[in-house]
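Let's have the full structure, built from the sequences with the hints guiding it.
If you read the sequences in order, they're chains S and F. 123 is the number of the first residue of the first sequence in the numbering used here; add one for each residue after it. 13 is the number of the first residue of the second sequence in the numbering used here; add one for each residue after it.
There is no bait here: all hints are sound.
Below, in silico cross-link-like pairs of lysine-lysine (DSS-like), each with a Cα-Cα straight-line distance of 27 Å or less:
1. F:112 <-> S:202
2. F:58 <-> F:112
3. S:202 <-> F:58
Restraint ranges, calculated between C-beta atoms of paired labels, are given here:
4. S:207 <-> F:120: 29 to 37 Å
5. S:208 <-> F:76: 45 to 53 Å
6. S:206 <-> F:76: 43 to 51 Å
These are calculated hints, taken from the structure and not from any lab test. From a predicted model like this one, the values you see are computed outputs, not experimental measurements. Idealized CB from N, CA, C, for every residue including glycine.
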Amino acid sequence: MLDIALWISIALFAASLVLNVFRLAIGPDLPDRILAVDTMYVNSIALIVLFGIQLNSKSYFEAALLIAMLGFVSTVAVCKYLLRGDIIE
Amino acid sequence: MPTWFYPVLEGVIAFFLVAGGLFAFIGSLGLTHLKDFYMRLHGPSKTTTLGVGCVLMASMIYFRATTGHFSFQEMLVSIFLFITAPVTAHLLSKAALHQKLVADSRTRNVPERLEVAEEPDEVNAESSESRLP
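Structure follows, in structure tokens:
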């Protein structure tokens, strides 16, 4: 049961990554693309956690935590650039 | 832990995995499908965060059941995501309001300074045609 649920979950997250890439390609404005990239960060965190469950290894959570922090910092930096025209004032 | 408890735990983990996948897929579907940016912001900022939270909960239960001791990394990742998702959504909406993105006509509570897109409405088209002699 766990194998089937794991594959269903991996397939759903991969499909949502494909949808995010679609929005990243056709997004009419810049905040749409930033939102798509931020959602891709979150979905890839979930995919890495699912990969760790499938391989039965706990050494992937540091990568997940690193991706979460880098995604947050980069999204805030790009939003700050859009708002003020400068990142560090 | 008694032996009969493991199938129950497996069912709980499978439920959390499938629910998380469904939540994330619905959020990304909203990101792709909705009309303007102010509607699109709702999908990823709420639903995808909940989906990843479900997956991290499943991972926490799984590694607690297999290795026997509680692992704190998943809790750390989920707390970090649940804190940073509203901050990101707030900054993105501020950036969108600053850039004066065009709002759809069905978006409610649009500020005065924003431009609202005109919809190709069949009702208005028919009424304008019927006004012709």
